[in-house]
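J.: Top line first, the protein sequences correspond to chains Z and D. By the count of our numbering, the first sequence reaches residue 331 at its end, each step adding exactly one. By the count of our numbering, the second sequence reaches residue 430 at its end, each step adding exactly one.
In short, the hints are calculated from the structure, not lab data. Hints may contain errors.
Claimed, not checked - Computed list of lysine-lysine pairs in PhoX-like fashion (alpha-carbon distance at most 25 angstroms, straight line):
{"hint": "1", "chain 1": "D", "residue 1": "K62", "chain 2": "D", "residue 2": "K352"}
{"hint": "2", "chain 1": "Z", "residue 1": "K285", "chain 2": "D", "residue 2": "K184"}
{"hint": "3", "chain 1": "Z", "residue 1": "K176", "chain 2": "D", "residue 2": "K70"}
{"hint": "4", "chain 1": "D", "residue 1": "K70", "chain 2": "D", "residue 2": "K86"}
{"hint": "5", "chain 1": "D", "residue 1": "K95", "chain 2": "D", "residue 2": "K70"}
{"hint": "6", "chain 1": "D", "residue 1": "K413", "chain 2": "Z", "residue 2": "K285"}
{"hint": "7", "chain 1": "Z", "residue 1": "K176", "chain 2": "D", "residue 2": "K72"}
{"hint": "8", "chain 1": "Z", "residue 1": "K176", "chain 2": "D", "residue 2": "K125"}
{"hint": "9", "chain 1": "D", "residue 1": "K125", "chain 2": "D", "residue 2": "K380"}
{"hint": "10", "chain 1": "D", "residue 1": "K95", "chain 2": "D", "residue 2": "K339"}
{"hint": "11", "chain 1": "Z", "residue 1": "K176", "chain 2": "D", "residue 2": "K63"}
{"hint": "12", "chain 1": "D", "residue 1": "K187", "chain 2": "Z", "residue 2": "K176"}
{"hint": "13", "chain 1": "D", "residue 1": "K228", "chain 2": "Z", "residue 2": "K285"}
{"hint": "14", "chain 1": "D", "residue 1": "K62", "chain 2": "D", "residue 2": "K72"}
{"hint": "15", "chain 1": "Z", "residue 1": "K285", "chain 2": "D", "residue 2": "K427"}
{"hint": "16", "chain 1": "Z", "residue 1": "K285", "chain 2": "D", "residue 2": "K95"}
{"hint": "17", "chain 1": "D", "residue 1": "K161", "chain 2": "D", "residue 2": "K144"}
{"hint": "18", "chain 1": "D", "residue 1": "K187", "chain 2": "D", "residue 2": "K243"}
{"hint": "19", "chain 1": "Z", "residue 1": "K285", "chain 2": "D", "residue 2": "K222"}
{"hint": "20", "chain 1": "Z", "residue 1": "K285", "chain 2": "D", "residue 2": "K424"}
{"hint": "21", "chain 1": "D", "residue 1": "K253", "chain 2": "D", "residue 2": "K187"}
{"hint": "22", "chain 1": "D", "residue 1": "K72", "chain 2": "Z", "residue 2": "K285"}
{"hint": "23", "chain 1": "D", "residue 1": "K84", "chain 2": "Z", "residue 2": "K285"}
{"hint": "24", "chain 1": "D", "residue 1": "K413", "chain 2": "Z", "residue 2": "K176"}
Stated by the list, open to error - Derived Cβ-Cβ restraints for the label pairs, each shown as a range:
{"hint": "25", "chain 1": "D", "residue 1": "A416", "chain 2": "Z", "residue 2": "W97", "range": "47 to 57 angstroms"}
{"hint": "26", "chain 1": "D", "residue 1": "I75", "chain 2": "Z", "residue 2": "P240", "range": "58 to 68 angstroms"}
{"hint": "27", "chain 1": "D", "residue 1": "A82", "chain 2": "Z", "residue 2": "V302", "range": "44 to 54 angstroms"}
{"hint": "28", "chain 1": "D", "residue 1": "A82", "chain 2": "Z", "residue 2": "P56", "range": "14 to 24 angstroms"}
{"hint": "29", "chain 1": "Z", "residue 1": "V104", "chain 2": "D", "residue 2": "A416", "range": "33 to 43 angstroms"}
{"hint": "30", "chain 1": "Z", "residue 1": "L101", "chain 2": "D", "residue 2": "D369", "range": "24 to 34 angstroms"}
{"hint": "31", "chain 1": "D", "residue 1": "A381", "chain 2": "Z", "residue 2": "P56", "range": "52 to 62 angstroms"}
{"hint": "32", "chain 1": "D", "residue 1": "K424", "chain 2": "Z", "residue 2": "F71", "range": "53 to 63 angstroms"}
{"hint": "33", "chain 1": "Z", "residue 1": "L308", "chain 2": "D", "residue 2": "A247", "range": "45 to 55 angstroms"}
{"hint": "34", "chain 1": "D", "residue 1": "I75", "chain 2": "Z", "residue 2": "T80", "range": "16 to 26 angstroms"}
{"hint": "35", "chain 1": "Z", "residue 1": "V104", "chain 2": "D", "residue 2": "A82", "range": "31 to 41 angstroms"}
{"hint": "36", "chain 1": "D", "residue 1": "I75", "chain 2": "Z", "residue 2": "G127", "range": "55 to 65 angstroms"}
{"hint": "37", "chain 1": "D", "residue 1": "S93", "chain 2": "Z", "residue 2": "A137", "range": "40 to 50 angstroms"}
{"hint": "38", "chain 1": "D", "residue 1": "G94", "chain 2": "Z", "residue 2": "V148", "range": "34 to 44 angstroms"}
No experiment lies behind these values; they were computed from the predicted model shown. Where is the CB? At the ideal position from N, CA and C, for every residue including glycine.
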Amino acid sequence: MTSTYLPGTRSGPDAAPQPLPRAGRARTRRRLLHWLTAMGFQLPALVLFGVLVLLPILFALYASFFRWGGFGMPSDYTGTDNFTRLFQDDVFLGDLWRCLLLVVLSLALQLPFALAMAVLLNQRIRGRAVYRMLFFAPYVLSEAITGVLFGMIFAPGDGLADHLLSDIGLGALGGKWFSDPSTVMATLFLVMTWKYFGFHMMLYLAGLQSIPAELTEAATVDGASPWQRFRHVTLPLLAPTLRISVFLSVIGSIQLFDLVWVVTAGGPDHHSETMAVTMFQYGFKRYQVGYASAISVAMFAVSLVFALAYQRFVLRRDLAGATTNMRGDGA
Amino acid sequence: MGDPALSRRGFLAATAAAGLGMTALSGCGGSDSGTSGGITTVEWWNISTTEPAKGVWASLAKKFEAQNPKVKLKIVQLENDAYKTKMTALTASGKLPDIFHTWGGGVLQQQVDAGLVKDLTDSTKPGADGLLPVAKQAYILDNKTYGIPFDIGMVGFWYNKALFKRAGISAPPATWSGFLDAVKKLKAAGVTPLALAGKESWTGMYYWAYLAMRTAGIDALKKANDDKDFTGAGFVEAGQHLKDLVALQPFQKGFLGAAYSTPTGQAASVGNAKAAMELMGQWAPSVEADAGKGIGADLGFFPFPAVEGGKGTVTEVFGGGGGHALRADAPQAAVDFLKFFASETTDAELVKKTSVLPVVPAAESALTDANLKLVQAQLKAATGFQLYLDQAYAPAVGQQVNDSVAGLIAGSKSPADVTQAITKTAKEEQ
Numbered sequence: 001m002t003s004t005y006l007p008g009t010r011s012g013p014d015a016a017p018q019p020l021p022r023a024g025r026a027r028t029r030r031r032l033l034h035w036l037t038a039m040g041f042q043l044p045a046l047v048l049f050g051v052l053v054l055l056p057i058l059f060a061l062y063a064s065f066f067r068w069g070g071f072g073m074p075s076d077y078t079g080t081d082n083f084t085r086l087f088q089d090d091v092f093l094g095d096l097w098r099c100l101l102l103v104v105l106s107l108a109l110q111l112p113f114a115l116a117m118a119v120l121l122n123q124r125i126r127g128r129a130v131y132r133m134l135f136f137a138p139y140v141l142s143e144a145i146t147g148v149l150f151g152m153i154f155a156p157g158d159g160l161a162d163h164l165l166s167d168i169g170l171g172a173l174g175g176k177w178f179s180d181p182s183t184v185m186a187t188l189f190l191v192m193t194w195k196y197f198g199f200h201m202m203l204y205l206a207g208l209q210s211i212p213a214e215l216t217e218a219a220t221v222d223g224a225s226p227w228q229r230f231r232h233v234t235l236p237l238l239a240p241t242l243r244i245s246v247f248l249s250v251i252g253s254i255q256l257f258d259l260v261w262v263v264t265a266g267g268p269d270h271h272s273e274t275m276a277v278t279m280f281q282y283g284f285k286r287y288q289v290g291y292a293s294a295i296s297v298a299m300f301a302v303s304l305v306f307a308l309a310y311q312r313f314v315l316r317r318d319l320a321g322a323t324t325n326m327r328g329d330g331a
Numbered sequence: 001m002g003d004p005a006l007s008r009r010g011f012l013a014a015t016a017a018a019g020l021g022m023t024a025l026s027g028c029g030g031s032d033s034g035t036s037g038g039i040t041t042v043e044w045w046n047i048s049t050t051e052p053a054k055g056v057w058a059s060l061a062k063k064f065e066a067q068n069p070k071v072k073l074k075i076v077q078l079e080n081d082a083y084k085t086k087m088t089a090l091t092a093s094g095k096l097p098d099i100f101h102t103w104g105g106g107v108l109q110q111q112v113d114a115g116l117v118k119d120l121t122d123s124t125k126p127g128a129d130g131l132l133p134v135a136k137q138a139y140i141l142d143n144k145t146y147g148i149p150f151d152i153g154m155v156g157f158w159y160n161k162a163l164f165k166r167a168g169i170s171a172p173p174a175t176w177s178g179f180l181d182a183v184k185k186l187k188a189a190g191v192t193p194l195a196l197a198g199k200e201s202w203t204g205m206y207y208w209a210y211l212a213m214r215t216a217g218i219d220a221l222k223k224a225n226d227d228k229d230f231t232g233a234g235f236v237e238a239g240q241h242l243k244d245l246v247a248l249q250p251f252q253k254g255f256l257g258a259a260y261s262t263p264t265g266q267a268a269s270v271g272n273a274k275a276a277m278e279l280m281g282q283w284a285p286s287v288e289a290d291a292g293k294g295i296g297a298d299l300g301f302f303p304f305p306a307v308e309g310g311k312g313t314v315t316e317v318f319g320g321g322g323g324h325a326l327r328a329d330a331p332q333a334a335v336d337f338l339k340f341f342a343s344e345t346t347d348a349e350l351v352k353k354t355s356v357l358p359v360v361p362a363a364e365s366a367l368t369d370a371n372l373k374l375v376q377a378q379l380k381a382a383t384g385f386q387l388y389l390d391q392a393y394a395p396a397v398g399q400q401v402n403d404s405v406a407g408l409i410a411g412s413k414s415p416a417d418v419t420q421a422i423t424k425t426a427k428e429e430q
């Protein structure tokens, strides 16, 4: 027979397996032992991770194919009905749109603002430690407290924001804030920026301080303008920090819940609702746990796709060397 | 595997994790009432977690134990939302406490259908027959009594007499067109006619529910839920009437973001005389005084007006209360306790000390608050009763009513959209 030779094929009468050399066999045994030891150490963590993380995820996936009230085991199988319904649900489609809006706003406004503040507070200015602490402080506050606080500040007519505006003669600008469909997202974004820019600023500050001063000095000596120094020295060296900060910001926007829940509960008329809020409404207010599971699966899918794509295409260089494999070469 | 210690640790971790999972899944224990040494222990689950009710109820339990030396009451108190969640789990598991709090309506019906609730029709006669008719209505299902009330209330308009006077309104309106006129007059006088908590959608639902009662009628509300069809002309009409009201822009500035009981919320707006009216239950005066300053003698109450040409009348009330039901094989002592709790003496004490409205007509004399007397008069004269929709209907349907009506008030939904959305949810729940 005319057979094409395939490298690595060991079948056929004249391709008897080569006996492994002694050294090779010993290496295999050593590897197996190695593997067993590693497994032994990992098992407790794997079991915990499996039972507390993987199993619930898989169960949510399972439940999303049922109409289920949340008690007993799901039994009313409805196929992909929940998902069909999901993508015809104006509220959920709105959630996706608002999620995208928050991501874009965060990346276009919040992070650049945080970067500007970080660069500013990296200069030698009087009291910069105090400023750093002040700007970081909101991040320490819990989301629930932030929500209650800004609910009061932006209370229409009676809140601090409206009083301040009318005191400086701009009273006409106030009065809406969280209570008007057209202004609620902007107000929400304002509060989110107040709450989170300090965190990103801290990340950038840490990144900035790891940039050797010699490089900027050398650039100065070469006659680079401050902008050129920032654009061609600081920014490239800060890139790994920026990439992580973008990642955290996007994931945070996808999963946004507590702040919205406390301050508007998704209103007025769903105009500030996020995926997590919709999920909560269906799961814990309406007891349509099957449908809520479908929402959570969709949320998980969005996060997962983003996380994987981002790691694959953006974080690859940063992660090189940070991961380990059995060969130990870090590839 | 070469290392037994590792596998043992893995096993321990697995056991621990499994244990956690099991606890989370089961989440509840059964009620362990029983008779030992001639003493019957009866579990009593209620939601009176705040004073003064908490203390008053405990002392009533002591009093009952003193009268019945062979009975011991074990009180389990849970906060409202926690209680609802727990009861859903207990209902699913089929093990209810001996005596448990109930709001009647759809949830009680589910428990009855599952065969978990004791029929009290014969065992509580004649005492139960003498109770205020509107109070016991939510607990009578298929002509059988499954629960005994201890509280009843209703929703109506709470208004500021001084602001009405300023706007030149001499008497509270009795018809919907009269009501709309009053709203216009108040606006013309520079007064915010109505306070509404747009953030909490149940507050807007009251308007739609009352309008549906007035146009389509109470029977239609029940039938619509049974048939899973809310698209009848009466319901669309109810939404249209609400839309007419919204078109007058009667609510306070920024109402869509307002909460109910916060210092800048609905109750405070009325309590601080910034708005002239709110549509709220019998608890409104106390919340107004708590969140705001309270308007004292200026506060008045009038029932939801009749709608011209509608099937309902002004004497049909929308409300609810609280009651107790028993698990199917609860001991006789539990029945005795319900009788004790609904006796004239007990009810008078509850009215006096915990400011609930009397369910025993004879306990009426214990009522001193002028506002509550007004509500009581309405309840006594009531010719029909509709339980709060979120208790009368399945949770998803109740939430959908709230949600759709909120959309109508915000201007994004039409009256027909509302009825269609509710119908769709009702059908999904079958």
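J.: With respect to the beta-carbon atoms only, verify the hint that I75 of chain D and G127 of chain Z lie 55 to 65 angstroms apart.
T.: holds (58 angstroms)
J.: Quick check on a hinted range of 47 to 57 angstroms for A416 of chain D and W97 of chain Z, using CB atoms only.
T.: violated (25 angstroms)
J.: So the hint says 53 to 63 angstroms: do the beta-carbon atoms of K424 of chain D and F71 of chain Z match that?
T.: violated (24 angstroms)
J.: Is the hinted pair K70 of chain D and K86 of chain D satisfied, with a Cα-Cα distance of at most 25 angstroms?
T.: violated (29 angstroms)
J.: CA of K413 of chain D to CA of K285 of chain Z, is that 25 angstroms or under?
T.: holds (21 angstroms)
J.: Has the hinted range 33 to 43 angstroms been met by the Cβ atoms of V104 of chain Z and A416 of chain D?
T.: Because 35 angstroms falls inside the window, the suggested range holds.
J.: For a C-alpha distance cap of 25 angstroms, please report whether K95 of chain D and K70 of chain D respect it.
T.: Distance of about 24 angstroms is within 25 angstroms: holds.
J.: For the range 40 to 50 angstroms, tell me whether the beta carbons of S93 of chain D and A137 of chain Z fit it or not.
T.: Cβ of S93 of chain D to Cβ of A137 of chain Z: about 47 angstroms, so the range 40 to 50 angstroms holds.
J.: Could one say that the CB atoms of A381 of chain D and P56 of chain Z fall in the range 52 to 62 angstroms?
T.: holds (54 angstroms)
J.: Keeping to a limit of 25 angstroms between CA atoms, is the pair of K285 of chain Z and K95 of chain D held or broken?
T.: Given pair K285 of chain Z, K95 of chain D holds - Cα atoms ~23 angstroms apart, limit 25 angstroms.
J.: Verify the proposed pairing of K84 of chain D with K285 of chain Z, using a straight-line Cα cut of 25 angstroms.
T.: holds (11 angstroms)
J.: Is 44 to 54 angstroms a correct range for the gap between the Cβ atoms of A82 of chain D and V302 of chain Z?
T.: Hint violated: Cβ distance 32 angstroms, outside 44 to 54 angstroms.
In summary, the numbered hints that this structure violates are 2, 3, 4, 7, 8, 11, 17, 22, 25, 27, 30, 32 and 34.
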